[in-house]
Amino acid sequence: MPSLFVIQGRDQGTRFRLENANVTIGRGSTSTVQLHDTEVSREHAELRRRGDVFLVRDLGSSNGTFVNGKQIKEQELASGDQLQLGRTLLLYTGVPEGRVEDLADKINIVPHQDDDDGSRIVHAMHQSEGSEILSPPSDETTSPWLARARSNLQIMYRTALAVSHTLDIDQLLARIMDMIFEWVDADRGCIMLKDLDTGQLVPKVRRHRRGLQTDERITISQTILDYVVDRNEGVLTSNARDDDRWDAAKSILRLGVREAICVPMQGRYHVVGAIYIDTSLTPQRMLQQGSANKFTQEHLKLMIAIAHQAALAVEDTSYYKAMVQAERLAAVGQTIASLSHHIKNILQGVRGGSYLIEMGMKDHAKAIADGSMDIESAEKAVEIMRKGWGIVEKNQERISTLVLDMLTFSKEREPVPEPANLNELTADVVELMKTRASEESVELVWLPAPTMPTLMFDSESMHRAILNIITNAIDACHEREAGRVEISTQYSHAERMARVQVVDNGSGIEKEDLERIFAAFVSRKGGRGTGLGLPVSQKILEEHGGRIRVESKFGEGSRFTLEFPATMPQAATTGDVLSPVRGSTNVERVSADSSHG
Amino acid sequence: MTVLPRVLIVDRCAESREVLRTILQSRGAETLETDRPERACHLADTFRPDVIVLDADSDHSTAFEATNHLREAAGRNDTPIVILGTLRRPCGKLPAGQVLVKPYHYGTLIRRIDDLLAVA
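The listed protein sequences derive, respectively, from chains G and P. For reference, each letter of the first sequence is one residue, going 1 to 597 in the working numbering. For reference, each letter of the second sequence is one residue, going 1 to 120 in the working numbering.
Pulled out of the complex, with its shape left as it was, chain G reads as follows (with noise of 0.2 angstroms):
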């Protein structure tokens, strides 16, 4: 769906999706976009949707519409295209054009026996020497101009490698300065980014050769950072006399000359800020090279060009900055709304048991009150207030439960494994789930493996992992006639893997929802899940080197596999503990019925 996505302003992040065919864009609350920038007028521009396309008509704006940093009365928008209203910048995304081709049918890769063109490798170079198209080559003749012409180019491409590779606009910065100090002989620099709110150029990043005083203040007049800025214009500055454009300083004789070059940082349509870079030569340095000029217009045009490279650089990291911001954002409202919705549901289960417990004292009160206490209403409040207690406690489980798989889920933690027996450990799972299982009419069948070793895993985490797994399982059958879950152990000495396997006759997985079953607060159980049990079951797997498998038919069932590499206890490398199956035979089944006996 076409959306404008707000890239720079206050309401940095959002993204608005264009469901409508008329959008109205402004400050008022009346508008399908409502920008909070007191730059944006009340009703700004709006948009039409013209079959695919939107167009974007400006509403006699007071600061105007701009497209692609131009001002606009009309324009038609394309994909990727920037729209500025105000202080605020929005990117627009429309429908993809057309269908997308499948190359599959146009190339061909062929194994190597099929191919009939006898092609052989000529020539091999390993991919780190591509660089070295721009070192200098040994032929000593080459001209000047294209000598300097080779490392103009060869600091340009480390340029655009060095600012690719970072995400954190400080740090970026940092390089991009490290950079020109290493290829241009400045004295000190600073680099200025455009202030979001004000305009202004606010220092963020500054250098000074080694060896050289630090705590001098860089002094920068603002006349040349006007013009810098609005006329988009690189500049080289001198304080010799000489140089008539700003006011010559101080004597040459008694100080000598200090320079500056000051270059805009143009990005794909503004001009997000400015580097600055300057140098003083003494009257003795002066006549030893016998001139007063240490930067030249190659140095400008060499700063320009990085200038540019690096805006776009901070361009691209705000972008991405924002882009990480919304999508955070997003998760965390997603988070919280789950989470609220499912502690509203555990409050609702709390009040509804608290108020019976409190109907059923009453009650009991009143009867003794008016002397109408006989056996059956006292039993009957008692039966009221154990009802009342029964709710509480369940939903008192769940919170724990919730409070547990939020704990696993948001720690980093390494699983620490112990001795224990996977047979056992399920089968404690089984008894814990014997009364949920009953509640809701589900014959639970456990099949135990018939020898399991003593393996090395963390019983506690794993017992969660099954848990939930078996929690699903039975819920899934919540709306089966006749629900089955079967849950059975595994150990494959050839393959040194553990296993347990949950199969359900419940519902069934959508195909659809297959891939987004272990995505965090994404529930298939309404009210009852958290949408938290798959995740953390799926990250205690992986903890453990292991993984859940799932296979699942809609309306059908399900399948759920946790395995997990089987570590022996060290004493027990050598022969492998083998545990008996609990109880005497090596299928035990817990039906419905039987949890009542």
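Keep in mind the hints are simulated off the structure, nothing from the lab. Possibly wrong hints are sitting among the right ones.
[As the list claims (entries may be wrong)] Straight-line C-alpha distance at most 27 angstroms; calculated BS3-like pairs for lysine-lysine:
#1 G:387 to P:102
#2 P:102 to G:362
#3 P:102 to G:344
#4 G:394 to G:411
On the provided structure of chain G, position chain P as indicated by the hints.
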């Protein structure tokens, strides 16, 4: 013979149905219940309850449609309805006080049902 007031409870949560059933029965009401709004329309038309208590807190679209159908059925039979939860989508105008937002207090719900039964 006294005719017992009849309340239809429509709630996916068995626990909530149990609480409401216990409270209403102890107050002398007859309860009918179902966990699905889809089934509730039939019950509403057949048993003509005096009040319907409907849990509408579901994201499921079919449940939402069924909820609307149940509301229409209640309207046809002139049966008052109390809706529990949050209505996420517009579904026409509802009389004031007809919706109880979760988590609600059972005391408030019981008073609302009592008021509607007194009028019915």
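Against the structure, the hints come out as follows:
Proposed proximity of residue 387 of chain G and residue 102 of chain P is supported: the alpha carbons are some 22 angstroms apart, at most 27 angstroms. With a C-alpha separation of about 25 angstroms, the suggested pairing of residue 102 of chain P with residue 362 of chain G holds against the 27 angstroms cut-off. Under the criterion of a C-alpha separation no larger than 27 angstroms, the hint pairing residue 102 of chain P with residue 344 of chain G is consistent with the structure, at around 7 angstroms. A hinted pair counts as satisfied when its Cα atoms are at most 27 angstroms apart, and residue 394 of chain G with residue 411 of chain G qualifies at roughly 26 angstroms.
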